[in-house]
Structure formats: C-alpha cells, structure tokens
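Trainee: Each chain is listed here by its residues.
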Amino acid sequence: MNRAEPAAGAPLLELEGVTVRLPVEGSMQAVLQDVSFAIRPGEALGLVGESGSGKSMTARAIDRLLPPGAAVTGRVRFGGRDVMTLSGADLKRFRGEVAMIFQDPRAHTNPVRRIGDFMTEALRTNARVPMDEAARRAVDLLASVGIEDGDRRLRQYPHELSGGLLQRVMIATALLTRPRLLLADEPTTALDVTTQAEVLAILDNLRSELSLAMLFITHNLELAAAICDRTVVMYAGQVVEVRESNRLHDQPLHPYTAALAAARPSIDATAHRLTAIPGRPLSAFEAPAEACAFTARCPYAADVCRERRPALVELDGGLTRCARARELFGRLEVELHA
Amino acid sequence: MGPAESVHLRFFVRRLAMLLVSLLVASFVIFAAIYLAPGNPIAALSGGRSLPPDSLHVLEARYHLDQPFIVQYWYWLSNAFHGNLGISITLRENVSDLIASRISTTAGLVLYSSILIIVIGVGLGILSGFKRGLLDTSTLVITAISASLPAFVAAIVLILVFAVQLQWFPSLGNGVGFIDQVRHLTLPAFALAVSSLAIVARVTRAAIREEARREHVQTAVSRGIPTAELIRRHVLRNAAIPITTISGITVASLIAVAAVVEVVFGLAGLGAYLVQSAQSKDLAVVQGISLLLVTTFVVMNVLVDVLYAVLDPRVSLGSRAQ
Amino acid sequence: MSVAAGLATAAWRRYRAGRQRRTSPVLIASAAVIVLATFVAVAGPLLAPYNPDLPDLSQYFVGPTPDHLLGFDAQGRDVLSRLLVGARTSMLGPLAVTLMCMTLGSLLAVTAAWRGGIIDAFISSGLDILFAFPGILLAVLAAAVFGAGLLAPVLALSVAYTPYVARVLRGAALRERAQPYIAALEVQGASSVAICLRHLIPNMLHLIVAQATTLFGYAMVDLAAISFLGLGVQPPSADWGVMVSENQQGIIQGFPIPALAAGVCIVFVVIAFNLLGERLYERGEARR
Amino acid sequence: MPEPVLEVEGLRKEFGPRLAVDDVGFTIPQGGSLAIVGESGSGKTTVAKMIVGLERPTGGTIRACGRDRSTPARSTRERRRRGREVQIVFQDPYTSLDPRQTMEEAIDEVLRMHQGWQPKRRMERVRELSDMVGLDARQARALPRSLSGGQRQRVAIARALAAEPRVLILDESVAALDVSIQAQVLNLLADIRDETAISFVVISHDLAVVRQLTEQIVVMWRGRLVERGQTADVLDHPQADYTKLLRASVPKPGWKPQRRPAVATG
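Protein chains in written order, with our numbering: chain A, 283 to 620; chain B, -10 to 311; chain C, -19 to 268; chain D, 162 to 427.
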C-alpha cells in the first residue's frame, strides 16, 4: 500500500488547537475548545472525560464525521498531511488507514446486510479485492479475534450475534483494511466486565502484532490508565491534562484528574464516604470564556483561576491546564484521598 | 435447511393460517350481515313481487332457506368457493359472470393507479429525501394538500381541467381498444392515486431522511465507502422496507376507493356495480363483490407482510418493526 | 393482519415524524378553519341567507350574483345556503366516528397493553380480523343491508377504523407501560386503574388527540364519499358530499362552482385537521 | 442477630423454556445490606423484580418483614402494605419518572397513597425529603426534563423513601451516572443508611460500588448463586472460579486484560 511515511519519531496523528462549533438553536456553540495532542505510531492514547466533555466529538473531528453545519478551526494532521483538506482518493486512503469502532456495535452495523457483506464492503468497493479473497481475509481475522467458525458467521445477520461477539466482529472489520490508527469510542462500555477484559485482551494482542496506534475513548479513568501508554483528560471540551498512564493515579497534574480518581469507589478498600466533586460536569458551551472551566467545582480554585483560562503547560513530563499546577504538584493525590 | 430458513418458513405458515382465519371470519360477516338484513329474503329474491306458494317452496329449497343459518352459510361458502355466487335479482344473471365482465376495468384502474403511486410517489419521495431546497419544499406543500384530497373531489377537478378545459382526456366511459382504454383510464387513475401518492411520497421522504441519519451509515462513511454505494447499499436498501410497506398497504386500499372513482367517470367496474347493487338492494351481488374485494384486500396485505419479511431479516424472529 | 397493521402503524408514525417543525401560523390557520367549520355546523341554519331546500328550476345553475354569492345549483337552490346548512351533517358524521373509534380504540389498546397475555392476544387477533375490511367497503355493505343514511356508514366506519386506532395506541401504551416509572408506581402499590388514568393515558394523550384529529379527516373524506355515492346522507338534505354528487353534471356543462364549492369546503376542513393532528403530535413528542 | 427483614428461599423463575433464576436464597437482617452481583443474563434483575412483585416467581418463597409476598397481592391494602415494606430505585433516571410530574407531585402522590395526612403535613414531608436528597425548592417544582441525571436519580430515591420502606432495592441505580455524580449519589445513599434503619439490596455489576454500599454479597452466574459471604471477604479472597474471573476482569492501574481460557461464542 502506498503510504506517506512520516519522518522517524514524528507523530502519526497530530491535533493542533482544534475548535469545533455546532449550530445549536440558531447560534454556533463550541463543543471542542483548542484541543491539542499527538499520537505516535504504535502508541495507545487514552481519552477520558465525563458526558459532554467532547471526547466523542474529538474522534468525529479526526475522522471528519462531524454533523453538517459544523465549523472547525485548528489542524488535524495524519502522517504529516492535513486531514481537513483531503479529498477524493486521498480521503479514501485516509479512511482506510484510520479505522473506527463504536460503543454500540448493533447500531453501527446495517441490520439488513450479512456479516460477510459488512466486513468485506470496504475491501471490495475501495480496494477492488475480489469477493472470495476478501471473505478469506475476513475469516482469518475473525479467527484472530477468537471467532473460529468464521465461514458460518459471515452468513449470519448482526441480530443473530451477541453484543460481545458483534464487537469482536467490528474489531476484525476495522483491521481488515490494515489501518495504522484505530479510533475506539467506548468500545467496551456496553459489555460485561469479563467480556470487556476479553475484547481488550484481543485488541491489545492485535495492536502489538500490527504495531497499530490507538485512540481509546472512555469515561473510565482506571481503564484508560490500564491499557493506554498515555492518557488525555478532557473537561468541558478542553484538554486539561496529558500524562503518562502509569503516573496518572499516583501523580495527577490537574485537580480534576485527581478528583475524578478520588470519586471512584475502590474495589480493594471500603471507604465510608467518597470524595465527591460538587456540582455537575459542564458542557463545552457552558464553560466560561475568561476562567478555568473547572473553577466552580475545584477545591483549589483561587482568584488566579477566575481571571483567565489557563494555558496547557508542561510539568513533570506531562501537560496540564491549571494555573496553580506547580504549587499543587505532589499535593493533589494525598489531599483528595485523605 | 438452516435455522433461519425454518424460522422463515414458520413465519409464512403462521401468516397463511391467519389469512385463512381472516377470510373465514370476513366471509361469515358478509353472509351474516345480509342474512340479518331487515326484510324477508324471499322478498329480496323475488324483487318484492308476491309469488305462488309452490314457487316459494322451490325458492326456499334452492337457496336452502329452510335450513339452519350455519348450514346456509356453509352452502353459500362452498358455492362461492366453486365460483358460484348466486343470481342477481335485477339482471337475472349469474353474479360470477357479471363480476367477470367488470373485473378487468377495476383491475386496470387499480393497476394504473398503483403504477402512478409507485413511480411518481416513490420517485418524488426519493428526490425530495435526498435534495433539500425548492423541490423538497414544494413537494412538502403540494403533498400536504393532495394527501387531504378525497378521490371524488380530485376527480371533478381533473375532469374540469383536463376534460372540459383542455380536452386532453375523455371524462366518461371505458373506451374501446387498448390505447383508448388507457386514455379513458388516465384521469380516473390519477384521481384514485392522488392522495395515496402524496402519502407515499411523504413516507418515502421521511424514510430516506431517517435511514441516512442512521449510525451504520456513519460507519460506512468512516470506512470510505463512496457516496453512490452508500446511498444504494445502505440508505435505499434499508428505506425500501418502509417504502414497500406503505406502497403495498396504500395500493391494497385502492380496491375499495376505486368504487368512488368508477362512479364519477361512469366506468363499468366492480365498485360502481357494487354501489349500484347496494342502492337497488341486489344482495347476492353485494355479497359476491364484497367477498371478492375483501379477499383481494386481505391477500394483498399478506403479500405486503411476506415482502416485508423477505426485505427485513429481523422480522422472521418475531421482532416486528415498531 | 398483525404485521401489516403493525407496519401501517410504523409507517403512520414515520409519516408524522417526517414532518419538519414549522412555526405556528400553520397551526393557527388550521385551528381557525376548524373553529369556523364547527361554528357553521352549529349555527349554519341561522346563518343561511335563503332556504337551502327550496328548488327553483328557473335558476338552474345560474352563476354568482351579488345577492347569491355562489350562485344556484342544479335545482336552482342557493349554493351558499346549502353549504352553510350542509356543514352540520358533514361535520357531525366524522365527529361521531371519531368519538366512537377513540373511545373504543383507547379502551381496547390500554386494556390489551396493560393486561398483556391472553387478553392482549384475544384483542389483537380480533382487531387483526377487523382489519380485513376496508372502511368504504364496509360502509357500502352496511348501507346495502340497513339502508342508506348517515347511521349505517357511521357505524361501519367506526368498526373499520377502530383496529387502526387501537393498533397505534396499543403500541404507544405498550411502550409507556414498559417505562420504569410505571413499574415504580406498581411497586408503590397504586391500583391499575389509577396508574392508567393518572399516568399512562395522560402520557399518551398527545398521541390520542393527534390520532383523533387525523381520524376526523379520514372519516370526513370517507363519509363524504359515501354520501357522494348516494348511500349516505340522502338528497335533498344539504350535505357537502351530496352537493358534489348533485352538481357533478355542472362540471361538464360549464357550471363548476356548486360542485367545486362543496369540494373545497371538504378539502379545507380535512387539510386543517390533518395539519393540526401533525403539529399536535410533534409538540407532544418534542415535550418529552 | 436481629430479625430478618427480607428472606428469600429457593427462588426460581422460568421464562418459557429458559430458566432465568434457579434456587436463589438469602436473608437480610434489619438494617443490613446485601449485594447481588453478576453480569447480564445472570438473573440478578429478575430476582429484584420478583422481590418487588413485578414478576411472579415460578417457585420458592419471598418474605418481607415476616410476611409472604411470593404470590400477587390480592387487595389494594395488601399491595400498599407491600409498598411500605420494599421499594426500588431503577437504573435509568430518565425513564423512571413520569415526565408530566414534578418531584413535589410525585412524592405527594406516594404520601397520599400511604399516609392519611393532610395537605400541609404532606408538603412538610415533601420538603424534608427534598432536603434529605439535596434538592432545593426550585428543583422540587421542576419537571424531570429540566433536571440533570443525578438530580433525577435523587428524585427517584426520595420517591422511594416517601413510602418509608424497610428495604430499598437499588437496581444498578448509579450505573448510568457520570463518575463525579455517581460519587455524590453513593454518599447520599451512605448517609441515608446512617440516618435511617433501612436495609439495602444493591443489584450491580460494579464490584467497587458494591463494596462501598454493602456488608453481605451474593454472586450470581447463569441464574444460580455461586458464592456468598461478607462483601470485603469475597472481594479480597474470592473462592468460586467465576468470582475470581469477575474480580480479575475489573480494570485498575497496572491491570492487564486477560483472555478467558475457553472462548464461548454464541
């Protein structure tokens, strides 16, 4: 396949100040504000946030799946090329190299077409691979996601498969065009925990085999921390923290990340009360223009937080959007879990 | 045979059983209604004239009037099954023969209308479903009005414009020869089609919009499937299910409304004959035509169901689209 | 006809849902037409400037004059007066059909959805069988058996429409019944009747009203057609359907106004009811 | 050991040929709390529905406050008395409230059903309950559609508490909430347990939530109980294979997803 190889060490995907506005009741409302991050080839990046934080919108912006009327500023680059200006064959190739899997596999498969048709559609229409060849590759990939009777599955309809099985079909389908980046939007949220573990294990294996990069979107901080190399935390349409996953829980940089970790009950220890975050999560268009979006709920909010929106700053190898990040560094974890 | 096929088969068998029960009950209602009709059946049979006693007995025996109700029903039904629907009291002819002589007009009218509904209605719906703008807006407005247009009002307007003013089409009669018959059926077919056509167009448009919004269409977009394929394989294919359904149901219901149009245009069809017989209380004819129309209606509805099951793989598992 | 009926339901809902939300002028205009028609139906005989039933063959199809705004009909009667008086039967028939269908349909639908099991199966298959009769056909049959007039067609249409209404409402009632808030009330110990009357039915009221409104339009079309065929309201009574029929010859003879005027009245009222039904339904859905 | 407030014995439910619940039994002492954990299809929600009377058991007995409730209530009085024994809060706060009713109206309706109080007394109680679940007067007069998910779930909790039940069943009641809101509601539930003598039955697939709220636990798998014990014990030292698998599948920092040895496709 003819791929534009980026220079060694260059990021595979790069977002630079991406802002998305959507028409809501006549006026344009921001759903993403100045989102920047990068994914290196083969890297797994987690994207964590509560409802309305803009995490799914980010994936849609990357894959150019935004609803009609959306206004995008900033840049999305994939393999060094500007995604927003791609068209024709380039766009087709881009979509072959970036695959997407979704939370609800049932809604995302056409109910009147068979699994085989669904899996091989892109290969047949875009790469002109003959039907039997495409089917053979589909059966192979089904085997690698743990579905042994692929021939039979190809003849079935989506409603004949369980949710967990269908999600594995989705993963196999996503890999069929040999992508370099996988956008996974809450792919295991609707599954039982044991099925989730299974699906994630499959994904993990295949990813390292194929050195596939992944953007893993989830509301579950522990999950992102467990399976991703780095994690981006979003709040109200903004990136508030980017951190190596293994340090996310021990040394969070942003009060929101720390509070989110503290708010989850633990499976290992019984606490009588949790450290809840007061108030409710803001959506991007509710976020104040001239202040930190988290101010209203932040135990560390000070005057400086209400004066202007803080910039993303580097700290301890990560990024944080907190005006008091330096003075709070090292204190957040300890104090919130007290 | 795989499990899916056997489920399909079971669906069809069950559907067929329901069809038979419906027909049985419908025929019973048709027969019982006439049986319970006020007035003496002999009087109805004789057309109100008084008969000598032995003629009365002959009539009673011939029509099994001396038998219990349910036995009479059975005789009527089995005769009907063999194509014997009794004798018209006004025309003194076999009802079956009378029906046979008029059936082609009604069938032609309904067929012509159905073609108009499917070609224009579905076509317009698809166009306005995909293209927003002037065409879409005007389709919406025009169909909102024509969906409320009763067939007989549409008929007089069409006659006024196309027969009286423009003189493009004849306003009355059946015509002779194929071309002339088609010409004679054109205005009636449009009159019959106009409100159904509007409804089909609106449902089609809505179905296209709805299917185009589906998440699985987004999946296909994200996989780089070309737009033409996307529309054909996902939007149109899936929208075909509600479109087929509404078209089928609409076409089935034309059978009854055809009567009105036949009367306006003076067509010698079944519907006009039914109305005429109802007015003259020629009950054997009313029974016969009612039975035929109900049967056609029920069978067409079953065909819609079957077509639906064929188009939607989910239906055979009993998860009917709600 | 279970599946076909279910499909009709789904299609009906799609037909409604496909409409785009527009501002309320349409709603206001529709309501105005309906209010006016209702007023005329009640007060028509008082408003009529002339005797609607007095024939004067010398005035055969005489066109509009300043005194007779819509001219005269085939028997030389004042068209405007006949329109005003004819509103009553033209509106009363559909009203009766709508009331009967909605009462019966809602009752059957809620009972079937609430009780479920055998009762639901029984009601549903009964409705399926009734579905075998197209409305007009049943009305013609009824008129043949019981004689022409308004009563037989009204009863026949009520019977023929009830399955459609009950199907749509049963679906809605089943969806509503499956809502956890209904279960919460059951757990609280509220009685079935109280839950249905205080929660279930009010929450599907927008659909019931929308159905009733649309049904009125259909009933009006079908009853007018029956009268037009000579099996409904009998001449010389003034009725819009009858008027179209009586003056049909005028279309060909170049005197279209009497027939058209009655036709236009029917079309206006039906459009108004259809649009109102759609808007009411959309509003109800949007509020949820 | 205090008097049991809820006793379930040999509970069984068949849906046609499918056995959804088989031989499930447990008791909850006055003021105690029990978790029923399991995945979809384990039968845990069916058990909850049978306890509150939304499903009729095929076999077995359910006793609450010493009274049998395995068969449908025969009278309105009996039904209401059962309502004062066991209440339930569902998963989805969006659909568990009548969209046409404000919190005040919803709670007032419950109070009218269960208590013979005057309107003034009822209004006072409505205010107490909304204070208790942390909603202000404006929110108490708002329709559900203008409340957030967390606020709606508070209304649902208040409505359940209005009947002053002895047992409150929480059927995945915090599963649909955002993490930060979930913590608020979990704290609210902890406070309610502290302040009242109510018993909780927590139906959940989330082991951390269960640990937060309960003392006792039963683990269900394919309609049967596979393990029971003290919540902390079972979670720290699971015995049954299925519990071990469940425990090992919960993601946390440093966790590595594992494939199950045998892949069941179906």
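Fair warning: there could be bad hints in the mix.
As the list claims (entries may be wrong) - List time: in silico EDC-like cross-link candidates among lysine to aspartate or glutamate, alpha-carbon distance up to 16 Å: (1) 413/D - 356/D; (2) 405/D - 511/A; (3) 281/D - 486/A; (4) 405/D - 364/A; (5) 413/D - 394/D; (6) 374/A - 386/A; (7) 413/D - 364/A; (8) 413/D - 397/D; (9) 405/D - 355/D; (10) 281/D - 253/D; (11) 120/B - 199/B; (12) 405/D - 265/D; (13) 405/D - 474/A; (14) 281/D - 265/D; (15) 281/D - 269/D; (16) 417/D - 511/A; (17) 417/D - 364/A; (18) 417/D - 486/A; (19) 374/A - 218/B; (20) 413/D - 402/D.
To be verified - FRET-style restraints, in silico, Cβ to Cβ: (21) 155/B - 367/A: 37 to 45 Å; (22) 112/B - 5/C: 53 to 61 Å; (23) 33/C - 73/B: 15 to 23 Å; (24) 217/B - 318/A: 46 to 54 Å.
Simulated from the structure, these hints should not be mistaken for laboratory data. Backbone N, C-alpha and C fix where the C-beta goes; we use that ideal spot for every residue, glycine too.
Trainee: Determine for every hint whether it applies to the structure shown.
Mentor: Results of checking the hints against the structure:
1. 413/D - 356/D: Since the Cα atoms of residue 413/D and residue 356/D sit roughly 32 Å apart, the hinted pair is violated (cutoff 16 Å).
2. 405/D - 511/A: At roughly 27 Å apart (the allowed maximum being 16 Å), residue 511/A and residue 405/D break the hint.
3. 281/D - 486/A: The given pair, whose Cα atoms are some 62 Å apart, is violated under the 16 Å limit.
4. 405/D - 364/A: Distance of about 48 Å is beyond 16 Å: violated.
5. 413/D - 394/D: violated (19 Å)
6. 374/A - 386/A: violated (24 Å)
7. 413/D - 364/A: Outside the cut-off at roughly 36 Å; violated.
8. 413/D - 397/D: Between residue 413/D and residue 397/D the Cα gap is close to 15 Å, so the pair holds against 16 Å.
9. 405/D - 355/D: violated (31 Å)
10. 281/D - 253/D: violated (31 Å)
11. 120/B - 199/B: holds (14 Å)
12. 405/D - 265/D: violated (45 Å)
13. 405/D - 474/A: At roughly 15 Å apart (the allowed maximum being 16 Å), residue 474/A and residue 405/D satisfy the hint.
14. 281/D - 265/D: holds (13 Å)
15. 281/D - 269/D: Holds. Residue 281/D to residue 269/D sits at ~11 Å (cutoff 16 Å).
16. 417/D - 511/A: holds (13 Å)
17. 417/D - 364/A: Violated - the C-alpha atoms of residue 364/A and residue 417/D are around 35 Å apart, more than 16 Å.
18. 417/D - 486/A: holds (9 Å)
19. 374/A - 218/B: Measuring from Cα to Cα gives roughly 13 Å; hence the hint holds.
20. 413/D - 402/D: violated (20 Å)
21. 155/B - 367/A: 37 to 45 Å: At roughly 55 Å between Cβ atoms, residue 367/A and residue 155/B fall outside 37 to 45 Å, so the hint is violated.
22. 112/B - 5/C: 53 to 61 Å: violated (30 Å)
23. 33/C - 73/B: 15 to 23 Å: violated (46 Å)
24. 217/B - 318/A: 46 to 54 Å: violated (36 Å)
Checked against the numbered hints given earlier, this structure breaks hints 1, 2, 3, 4, 5, 6, 7, 9, 10, 12, 17, 20, 21, 22, 23 and 24; the rest are met.
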